[in-house]
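Asker: Join the two chains, each given in its own frame, into one complex according to the hints.
The listed protein sequences derive, respectively, from chains C and X.
Numbering-wise, the numbering used here comes out as the position in the first sequence, counting from 1, plus 958.
Numbering-wise, the numbering used here comes out as the position in the second sequence, counting from 1, plus 130.
Quick caveat, the hints were computed from the structure, so don't treat them as lab data.
In this text, all values refer to a predicted model and were calculated from it rather than measured experimentally.
Just so it is clear, CB atoms sit at the ideal spot from N, CA and C, and this is done for glycine as well.
Warning: the hint list may mix true and false statements.
Quick partial rundown of chain C residues pointing at chain X, CB under 10 angstroms, derived from the structure [as the list claims (entries may be wrong)]: (1) Pro-970; (2) Ile-1024; (3) Tyr-1027; (4) Arg-1028; (5) Asp-1037; (6) Phe-1046; (7) Pro-1054; (8) Ser-1057; (9) Val-1062; (10) Ile-1063; (11) Leu-1070; (12) Leu-1117; (13) Pro-1264; (14) Thr-1276; (15) Thr-1280; (16) Arg-1302.
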Amino acid sequence: MTMTSQPTVLKPGRPWEPTAKERGQKLLNFLISLALSVVLLFTTGLNGKLGWVIAFFISFLSVTFIAEYRRAGRPAAQDSILTSISRFAIFLAIIPIVSILLTVISKGWRGLHWGLFTQDMAEATVNDPIQNGGMLAAITGTTIMVGIALIISLPISLLTALYLTEIKGKFARPVRFLVQAMSGVPSIVAGLFILSSIVYPLTGQRNGLMGGMALAILMIPTVARTAEEVLLLIPNDLREAGLALGATQWRTVAMVVVPAVKSGLITAIILGVARVIGETAPIILVSGGGEANNLNPVSGPMGSIPYYVWKSFLLGGTEESTQRTWAGLLVLLVWVLLLFTIARYISSRSQKR
Amino acid sequence: MSNTITPVPRELVTKPRRSDQLFRVIVTAGGMSSLIILGLIFAFLAFRGYGVIRTEGFGFITNSNWDVIEDENSDIISQDYGLAAMLIGTILSATIAVIIGVPIAVLSALFLEFYSGKKVRAFLVALIDLMAAFPSILFGLWGFMVLMPSAEYWAKLLNKYLGWFPVFEVPFPFFTRSPFIAGMVLAIMIIPICTSISREVFSQTPLDRIQAAYALGATRLAMIRAVVIPFGRGGIIGGAMLGLGRAMGETVAVFTVLNIVYQVNWQVLFGAGGNIASLILLKFGEADREEVNALMAAGLVLFLLTLLVNAIANILVSRLGKTGR
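Isolated chain X, as found in the complex (with noise of 0.2 angstroms):
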């Protein structure tokens, strides 16, 4: 007689063990951790600058003063915050700065990925991996010291000749301290991470259709229009994005350059202007109580500004390689 025994099944067991259920949790909590500051950068500056712009209304972002007034005890008497001649300044300066930028940063990437030899591209992309480290106060001294004599000069130039087109003329020639020239060192600054954006995009391409157009008889210039070009093309618009977010922060840079004077001013070689940034920074020593909230206003607006060019730039460029030929 055999008692017959019922083969209980072996338990499968799937559930990590503590130890790893902790480590999970814990890296996930420090995953979120990106999340969570920016929603606390949000928060806080939402949180000081919401008095100004709920009694300033839309105004703050269309009107174009930034005037406290004070009686001689110093007490305010009238305080108008606008902040749509820095908002324009910040999108002028950016954009020029792309203007002038990203054509040069995107030739130079063509370059270092499809016509240097193997030892030079190395050593051109070590030089601009370097400038892409260096501290923007460098560039600020380095472009108001050394950039605006030549700048100055070459404003001239384009105002003697380009003169009759409205962006390029003057009120009276000062040509000091323009966005034309902050602008330009903004697109020396903006260079480095285009070039490298675009030079990652080139490399992706796939070998097999450079390959294809060359065996077709393309020239160099043919393979580019026809292979790279199509291919990289999202990702070159979100390079240039990237940089004009870049751009659009910049704070010392533009400080040191830039005559920063509260106006609305679309000649751009003539030497008035400014950006959020600099605002923040010129207005932040003596602003008071009142002042310092509709500055935290301002940081709130370019914070947004630039998360959303930052955001379209990374879809752009991440959305690359499922376009294309």
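One chain only, chain C, in its complex shape (with noise of 0.2 angstroms):
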């Protein structure tokens, strides 16, 4: 720390940040690496983007080893291999998501035209020139078939959080544990319950109400583990509060305890929408993919943003289909972005209160 000549207040030392001296070592050892990896890809058979970073990877790992080594001796060293391997780690977790991001849009809006909000599929096949037919079947479709399913789930899913954060009654372990068993479920194990339970036996046919129900079963462990969370976060005192002033326990949890989570329930219903809109394979199964625009969700077949992609995908094969498909994907994939970051918002905006 350097000492100036006028008595100024002296500011607190850092000495856990590192030096200059140290930082220009960390950026000698990168460069040395890059400079080995380079070597390496013209020595060895490594080749291509992946040889590259592979080359890169084994080189920092060893450039670092060694001058860990230099300055602070064995157990230093090893550290740094956890260090280099881990940062490996999170960059191989982020490589495909941002590969996945960067694919549907650049592919994804090629296939975009105002005729895709307002048209639908019913005198269109998805090898037609991209400006025939659209997705309006889907988007209406979807929508309707979330909209049933929320309204089927939302309730089941918040008396489930309310008998495990309110009532606390006996089952109450055996409960969680069944929620969380039930997030398990695969979606097309769904599919083939309300085929076996309603369509066959009753009804006989494929149609939006069916979607909206396998939908709602893969919708409640969601919803319900969010809302748990979220009432898990009430103080004690406020319910405390509602029933010394007389409030029965009915009355304190509607009137407090539900008011007081109310963005917290937002945010589980916009997760527990985000996790059932691509659902493919149920919908494949019971909503009998529509092709026209149908607002019924008790008669006829019901088309699907996931059945629109999974369809231009399987029976196409030409330019047009592909773009349709990637079209199609980079509809839902602002969907769910959109209902990411409303979630997001509102859950770091009730944190700050």
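Answerer: Dropping the structure here:
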């Protein structure tokens, strides 16, 4: 720390922060391993982007190991290995998501046009020019089915969460366990269940209502668990204050507890919607997969965005169908991103308060 | 003269009011809904699939033929349902996913919890959470169109250098749409959930033990090895099993990436295989009544399998904190 001539207030030191020398050493390590990786690339059989990444990883690992060994001995050198490996792991984990986002955006925007939101596929096939037909049926169908799923699953999930946090009955542990188990139910099993319990014995018809019910089964665990988490965050003081004022438990829950977690419940709903909006397998089985715009969930097949993507992918093979696939995926992705951002915004806002 | 008034003890009412009783009944009934739904799923799938399972017996999960033979009037002459090939395929692709995905996820969680700065962590956690919300069809199509070409190249490398190992052999060079590539896509799909569970587990490590380790002069590696890993071992295994359960039940991503062939295939680099969920999706379109029942039975097997794996996983994760040093 440099001393100045005039009597100033001493700045608190930050001995844990890296000094300029250490930073220089780090940069040097990085540059040396970069150079080494290029050398490796030319002298050995490694090639391509992946080859380079591996070469860089190996050289970075060894360069930092040697540097740390010279600086602080063996334990520090071993420590540097874990540091490098964990950095490499997070890099590997992030690559796919970045790649997915970039691919969908770069390939999807070419298939976008206004007709996508005003026309359905009733008079167009997936291999028609991209201007014919659109996703209207898919978008309305997904909206309706997710809406039905929400109407069914919200009361059930809320009651489950209230049972776990407010009643705390003797079955609380098994119920929590079952809700967690339910979140692992494969989506296709939900579809089979709706088929075997309702479609075959009762209605004999595949429609939007069935799709909504299948989605509801997949939605309940997500909403219930998120709702339980936010209900647990409510301080007990609030509940006790309500009871001390003479309110019954029912009124305390309805007028104090639930209003206090309103934003948390909205987050739970949004996460639930994001969970089911792209579900493909149950929709293919039970909704019938309509091409024409159908706003009636209890009669006739109903389309959905995942079904649109699925069909364009399977029946296609032409330039146009590929464009349709990616455009559909882009619409789906935008929807998920939007829901996700709103959920994040709401939960971060409620945390600040 | 005064009458002695014998004091009557005040009645203490602990009985909840009518409205509260009703409230408790309704909420308890709602709380049981998950039990009811799971029970109904089991009951209906078992009811539909019972006939097939009874005729096939134990062979339903040990045989590996799935044949429906019809004559020219499309009347069924014989049918044979055995799930073994797809059962093995399910376990195989999910295992590959866990082998590839879990180490990456656990190390990523270590990085996020102990190595990264606050801002970097918030950003990366948001990104990984977002990835958890991606629909499976997105992973499937991305895997098919983007990952497949590079994955095929890696598969060839593996075959070239490790081909002497029976698992990496191929009967003839056909590397596209193999269980290896499907497992890779599944690995990418389970990374978010494994990462977030491992991170949750690591963040519960008692701070005093971490600081004690540092105070004794431990490096980060030594601290993690001595404190974090022993404390979180159960949670890490639980997270891995949760990922295994997810990977087993995945339908669309496997259907798009894998070349679904009804055969037992152990050679992970060879382009043939399948899993139960994708079999159901594949056969459902043209299945007749009896085959639909067989598919329901297959769904039942898948349901019970994922339920079992999930149950073990949840027990392991929730038991955390009672063990460890």
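Asker: None of the hints should be skipped; say for each whether it holds.
Answerer: Comparing the hints with the structure gives:
no.: 1; hint: Pro-970; in the structure: violated, 19 angstroms
no.: 2; hint: Ile-1024; in the structure: violated, 17 angstroms
no.: 3; hint: Tyr-1027; in the structure: violated, 13 angstroms
no.: 4; hint: Arg-1028; in the structure: violated, 16 angstroms
no.: 5; hint: Asp-1037; in the structure: holds, 4 angstroms
no.: 6; hint: Phe-1046; in the structure: holds, 8 angstroms
no.: 7; hint: Pro-1054; in the structure: holds, 5 angstroms
no.: 8; hint: Ser-1057; in the structure: holds, 6 angstroms
no.: 9; hint: Val-1062; in the structure: holds, 7 angstroms
no.: 10; hint: Ile-1063; in the structure: violated, 12 angstroms
no.: 11; hint: Leu-1070; in the structure: violated, 17 angstroms
no.: 12; hint: Leu-1117; in the structure: holds, 2 angstroms
no.: 13; hint: Pro-1264; in the structure: holds, 5 angstroms
no.: 14; hint: Thr-1276; in the structure: violated, 15 angstroms
no.: 15; hint: Thr-1280; in the structure: holds, 8 angstroms
no.: 16; hint: Arg-1302; in the structure: holds, 7 angstroms
Checked against the numbered hints above, the structure violates hints 1, 2, 3, 4, 10, 11, 14; every other hint is satisfied.
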